[in-house]
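Colleague: If you're matching them up, the sequences are chains H and X in order. Residue numbers for the first sequence follow this note's numbering, so the first one is 79 and each next one is one higher. Residue numbers for the second sequence follow this note's numbering, so the first one is 79 and each next one is one higher.
Source of the hints: derived by calculation from the structure; they are not laboratory data. There's no promise every hint is true.
Stated by the list, open to error - Listed below are the simulated DSS-like cross-link pairs for lysine-lysine, each with C-alpha atoms no more than 30 Å apart in a straight line:
hint : chain 1 : residue 1 : chain 2 : residue 2
1    : H       : Lys391    : X       : Lys422
2    : H       : Lys273    : X       : Lys124
3    : X       : Lys235    : H       : Lys193
4    : H       : Lys422    : X       : Lys391
5    : H       : Lys235    : X       : Lys440
6    : X       : Lys124    : X       : Lys279
7    : H       : Lys479    : X       : Lys235
Computed from a prediction, not measured in an experiment: that's the story for all the values here.
There are 2 protein chains.
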Amino acid sequence: MDVEIITIGDELLMGQTIDTNSVYLAQVLAPLGLNISRKTAIRDGKHDIITALDESLARVSLVLITGGLGPTNDDITKSVLQSYFGCGTRIDHDVLTHLQRIFAFRGTELFEINKMQAELPDCSKTLFNSQGTAPGMWFEKNGRYVAAMPGVPGEVKAITEESLLPLLAPLFQLPPALNRTLTTALIPESLIAKKLSAFEKRIPGCGLAYLPSHNVVKLRLTRQDPLLSGEVFERFWQDLLQELGDWVFSPTDSSMSEWLLDTARKRHMTIATAESCTGGYIGNQIVQIAGASDVYKGSVIAYDNQVKIDVLKVEKTLIEMHGAVSAEVAHQMVEGVCALLNAKMGIATTGIAGPSGGSEEKPNGTIYIATKIDDAVVVKHYVLRGNRHDFMVRALNTAMKQLQEMA
Amino acid sequence: MDVEIITIGDELLMGQTIDTNSVYLAQVLAPLGLNISRKTAIRDGKHDIITALDESLARVSLVLITGGLGPTNDDITKSVLQSYFGCGTRIDHDVLTHLQRIFAFRGTELFEINKMQAELPDCSKTLFNSQGTAPGMWFEKNGRYVAAMPGVPGEVKAITEESLLPLLAPLFQLPPALNRTLTTALIPESLIAKKLSAFEKRIPGCGLAYLPSHNVVKLRLTRQDPLLSGEVFERFWQDLLQELGDWVFSPTDSSMSEWLLDTARKRHMTIATAESCTGGYIGNQIVQIAGASDVYKGSVIAYDNQVKIDVLKVEKTLIEMHGAVSAEVAHQMVEGVCALLNAKMGIATTGIAGPSGGSEEKPNGTIYIATKIDDAVVVKHYVLRGNRHDFMVRALNTAMKQLQEMA
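Bound conformation, chain H alone (with noise of 0.2 Å):
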């Protein structure tokens, strides 16, 4: 089935907030069998929302809003949805009680403003908002439905598992969406495309689609006709796998971190990164995965060249002799930095970010990645190509491969 999503607020088109909300939904929801054909962002308008609204129904009978439902005079969501389903206010005295807990807890007044949260169109069912303040709305009309929740992506998630899930489950009882996804990592996506060409034409039913990002390239196969069974879409899919061969990095969606992760507890070993021009990117991706405390110890951000030679104990001369940049010196952070924190497995980077700092032999985007699982050290030299932000996931990724193929 699908579903909509209206993301409003004037924050969204200025550039000033990236949406995260309806990634989230789409994830939650896919499972569900509930698949998001089209997303509109608008601004926080009367006419806009009343529109986008009147559009979105016409084609979908769920909508989802997210956005413009804070205590501030320029969130006009909750009184534009009240007048659009023509209904009075109610209070709703689960909210103001909580509202009253979350002032009471904060140690600041409940002003009238945030009072007025609780006051909620009567036509409405309450989706309550164990995070925040604003609670969402459900409403329903001719057999249509619209979710409104606030923008904030953690009472967004509260809200839906909390109260929004909830509500779907037994009404679209559908077939489940059926889809998986692997990542390769390093392969040009038009090589790839090459390969599984005549693959593409053997797969009737089935959609397979090319996702990439920063040289890795997640490969998606989609159910596209539900009348073909699971047992023949497994076949498809195992026949992928085997077309791919070696060329596949991990048969699922995870992150990079979560394979490097599980990569370690399997081998009971623990991690540590030394980092210079990726300035802790690749930690704090490891450090993002809830329990990554087990087997990563932690990291050394060498910034600097005077904390590779104090911490890491990288010698002053190799410095001198080969550049900081330089295969060496990533060998001998990756050991310096496995010594210093007691661990088996070692990533340690040293390039040139950019946009400045490159030279003919050494352009912007040159990078020296060591990695180190037990004795064995590899270093190898890439040049990496984006801005500064493109160059560390990047970084990330190589670093991840270049451990694979130890392993």
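Using the hints provided, position chain X relative to the given structure of chain H.
Modeller: Chain X alone, transformed into the frame defined by chain H:
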């Protein structure tokens, strides 16, 4: 002038990719007076593309499309646009030469599938893509304009700067949009709204938007009446700054990391960070700013207690007495890292990011932040809300506010 963006790609709707292109486009177009009035994300489907284009071109005279221009079979945008504008094909020889160069540099063969990327609709101008293989396209029909670009962020940026903006600048000579943004930190949105309720009533022709995120609230004053003079706008802005007084963290929209780097440069100091629960997030946000290396020395991510003891010289007995999550340990961490990396400004964090690890005494979200400037050290205790990532962002913002109060 209003502009609409259409993003094409199943991956954007399935939650596998976050759309950052439209954020970038909004940021570069706003100063030119081109404001994004609506963003629509649609599937890789012919009908979806045509419908969305029809709708957008009925509302505005400039539409920007991103996505769906890769070399693979699931990308159909080019052929749909060709038939939408009713034209044939041409070979762009500059693009072909560019493709040959890229593939020679990569050392891989230029396949037919890639060569086809030089084949473009003959009614379109080429928007040259220096960063990738898929060129952008520019269409004009009855005084309406459509620019189509691939979906890779670095390529969108390059095409926009090198090809799109030079086309737009002479075409749309409009009075520039006028807006300014300031940043507050750790002041609740509702408290700010209360303080500004009178101010908001005495700024005719202007609007004030609240942009809250992770304990930071940005306030954006926008000119809504094009006849309002720049001088009056500037007076409103000064009024706003005055009203807020020392609640203003920064009178700009720049990031917390930029503020830190600027402050360190002004004081001729260098910065070091020691992170436990935030696992490199703070350091990496600093390093994401180009040029950070002149004042940022590096960091120790002391995720494991042994690293706190061995590297940062935190006393073992202190950890045993007070726990690793304590004011005492945060204090020694900041002293330790500043001594180790020879820095005058320091930030250290120790806490519990969750979702597990919390206790009644120290719940998930507990954090001790130590900040140091010269010989002064401040350690404070906070309980921060949200998931793992939210926790890290709030920790960064809180640490900067704490540093500012010392400075």
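Colleague: Does Lys391(H) pair with Lys422(X) here, judged by a C-alpha cut-off of 30 Å?
Modeller: holds, 22 Å
Colleague: Lys235(H) and Lys440(X): Cα distance at most 30 Å?
Modeller: holds, 24 Å
Colleague: Given the proposed pairing of Lys124(X) with Lys279(X), does the C-alpha separation stay at or below 30 Å?
Modeller: Violated - the C-alpha atoms of Lys279(X) and Lys124(X) are around 48 Å apart, more than 30 Å.
Colleague: Keeping to a limit of 30 Å between CA atoms, is the pair of Lys479(H) and Lys235(X) held or broken?
Modeller: holds, 27 Å
Colleague: Given the hinted pair Lys235(X) and Lys193(H), is their alpha-carbon gap at most 30 Å?
Modeller: Answer violated: Lys235(X) to Lys193(H) is near 44 Å, above 30 Å.
Colleague: Sort out whether Lys124(X) lies within 30 Å of Lys273(H), counting only the CA atoms.
Modeller: holds, 26 Å
Colleague: Has the given pair, Lys422(H) with Lys391(X), been kept, meaning a C-alpha gap of at most 30 Å?
Modeller: Measuring from Cα to Cα gives roughly 22 Å; hence the hint holds.
In summary, the numbered hints that this structure violates are 3 and 6.
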